[in-house]
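One line per chain: the protein sequences are A and B, in this order.
So the first sequence is residues 5 to 146, counted in our numbering.
So the second sequence is residues 137 to 499, counted in our numbering.
Rather than coming from a laboratory, the hints here were simulated on the basis of the structure.
Being a predicted model, the structure only gives us computed values, none of them experimental.
A portion of the hints provided could be inaccurate.
[As the list claims (entries may be wrong)] Okay, derived cross-link-like pairs now, DSBU-like style, lysine-lysine, Cα gap no bigger than 35 Å in a straight line: (1) 186(B) to 136(A); (2) 146(B) to 176(B); (3) 98(A) to 185(B); (4) 453(B) to 377(B); (5) 418(B) to 146(B); (6) 185(B) to 112(A); (7) 112(A) to 176(B).
[Unchecked claim] Residues from chain B shown here face chain A by an in silico Cβ test under 10 Å; the list is partial: (8) 178; (9) 184; (10) 201; (11) 203; (12) 264; (13) 268; (14) 403; (15) 404; (16) 408; (17) 429; (18) 431.
Heads up, the beta-carbon is just placed ideally off N, CA and C, and yes, glycines get one too.
The residues making up each chain are set out below.
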Amino acid sequence: MTAEVQRYTLEQVEALELAPGAEHEDLEGWVPTLATDADLRDALEKALDYRGDVTFTLKSGEKIEAFIFDCKNGPTLAESWARYYTPAAPEKRKVSYADIARLEFTGKDRAAGKHWEDWVKKYNERKAAGEKDIALAPESLE
Amino acid sequence: MGTVAAYVLKKRFSGNKRYPLVLMLEPLFRCNLACAGCGKVQYPPHILKKQLTPEECFAAVEECGAPMVSLPGGEPLLHPRIVEIVNGLVARKKYVYLCTNALELKQRLPEFTPSKYLTFSVHLDGQREHHDFSVCREGTYDIAVEGIKEAVRRGFRVTTNATFFDGADPGSVRGFFDEVMDMGVEGIVLSPGYSYDKAPDQNRFMGRARVRRLFRAILSNRKPNWKFNMSPLFLEFLMGKRNYECTPWGSPAYNIFGWQRPCYLLQEGYAESFDELMNSTKWEEYGVSSGNPKCANCMVSCGYEPSAVIEGFGSLKGFWGMVRGTFSSYRDEQALKLLNDSAAPANLVQIEQPERALEETNV
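Go ahead and model the full structure; you've got the sequences and the hints to work with.
Pasting the structure below:
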């Protein structure tokens, strides 16, 4: 087991009253500075967790809009890769970390504003206004 | 049950230590509900439009070999070829659990054929107002109940499937059990919620101590007509009567991204094949004893019910525990006290009363 994941003793875990939830970062529009290899790895880690599309610019100049769903952190950038879907192509694609020059969090964050608290607030307001059949609707796919 | 028992024994006698019991086959992520805090459906439109083909589903099922296939999502009934997928799985003699919010169930039923291999597992999180509030749409409970009753009338196997979060009122949950059994369902499926790392909502999830108190209050002193479509040993685990390690490979998940690592709940990458998933995932980094904070609060059925099933069918002691659990009412005076102490009606809008209804017990 790696040191990074060993953070709780079994006794601590068994006594937990509330789950230690992760913080949802506001990343929409973020353009990380990629000065070092660690910067790039860190940014791609966040891109993997991001519930929206990102755009990466390759060192060749090509720009790719992508939803990243899998990353492999190898010993070097050349041995590290991200897998993604683009809005236009049906197949999975892969890019080497070593080929990425710039990364932008360009797509809408689909998790933003969808906290339980947001729903409770909306519900209370609409109920107070006398509304009936209160509902949240899925976003349009167009 | 016999099929699963034979499967577990066969694997055990062949010396196979890691094997799947239920394939979580997600044919799509698109849904017709927009439940706040859901960690499964928050994707860009081009991802929500993607779906597995029937051929991809069948290939995953063959590759995995599990005797049971759960079809969650997203909402599987939105898949344009879901009938073909279900029929193909039934033809392969897989026990299929089609998990649905039932918004479209009633009108889609004529397209399906009743079979001992097919069960509609209808998402109901509690009594009417609790369920509607939970799924963020008023009227949903009534539509789902109509679907359930019609499915039962047509001879389909039906279970209900509930997830309980912090603030769940145990008295109301027990009332809900009465209601669903009256609908004629075959059994109830339940699980505590899990704080998906990628879910937008991170504040409603119970830790293990709180889960055990809640389920002790709910599941003790059972009424004779309640039936659970789950391992009795897993229910005892939720009540704090047993300890299990997670069996993440017991319910592997396959979707448009591939084979999800390490389990249905965490998304730490994808393998291209089932063998790659089984052989290259660092399993020792997951589960409660690993200390991994992402696993710290998890007592969810997809990880722990396989552990219970394997014990139940893998040893005489476990089998006897299942038999005893099936017929026990779990008399428990302290649990009754817990239940009575929480008898005040719970506020639906839990965020305004974050303190839970159940109080600490030292028993």
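Outcome of the hint check:
This hinted pair checks out: residue 186(B) and residue 136(A) have alpha carbons roughly 34 Å apart, not beyond 35 Å. Under the criterion of a C-alpha separation no larger than 35 Å, the hint pairing residue 146(B) with residue 176(B) is consistent with the structure, at around 34 Å. For the hint linking residue 98(A) to residue 185(B), the alpha-carbon distance of about 20 Å falls within 35 Å, and the restraint holds. The hinted pair formed by residue 453(B) and residue 377(B) meets the criterion: a straight-line CA distance of about 15 Å does not exceed 35 Å.
Using a Cα cut-off of 35 Å, the hinted pair residue 418(B) and residue 146(B) holds, with the two alpha carbons roughly 25 Å apart. Distance restraint check for residue 185(B) and residue 112(A): the Cα-Cα separation of roughly 16 Å lies within the 35 Å cut-off, and the hinted pair is therefore satisfied. Between residue 112(A) and residue 176(B), the direct Cα distance comes to roughly 17 Å. Compliance with the 35 Å bound is thereby established for this hinted pair. Of the supplied interface hints, the one on residue 178(B) holds, with its beta-carbon coming within about 4 Å of a beta-carbon of chain A, less than 10 Å.
A cut of 10 Å between beta carbons decides the hint on residue 184(B): the least distance to chain A is about 6 Å, and the hint holds. At about 24 Å, the closest approach between the beta carbon of residue 201(B) and any beta carbon in chain A exceeds 10 Å, and the interface hint on this residue is violated. A distance limit of 10 Å between C-beta atoms decides the matter here; for residue 203(B) the minimum to chain A is near 28 Å, and the interface restraint is violated. For residue 264(B), the interface hint is violated, the least distance from its beta-carbon to any beta-carbon of chain A being 14 Å, above 10 Å.
The beta carbon of residue 268(B) comes within 9 Å of a beta carbon in chain A, closer than 10 Å, and the hint placing it at the interface holds. Below 10 Å, beta-carbon pairs count as interface contacts, and residue 403(B) has one with chain A at about 8 Å; its hint therefore holds. Taking 10 Å as the C-beta cut-off, the interface hint given for residue 404(B) holds, the closest approach to chain A being about 9 Å. Given the 10 Å rule on beta carbons, the hint for residue 408(B) holds: about 9 Å separates it from the nearest Cβ of chain A.
A cut of 10 Å between beta carbons decides the hint on residue 429(B): the least distance to chain A is about 5 Å, and the hint holds. A hinted interface residue such as residue 431(B) counts as satisfied when its beta carbon comes closer than 10 Å to some beta carbon of chain A; here the least separation is about 8 Å, so the hint holds.
When each numbered hint is compared with the structure, violations occur for hints 10, 11, 12.
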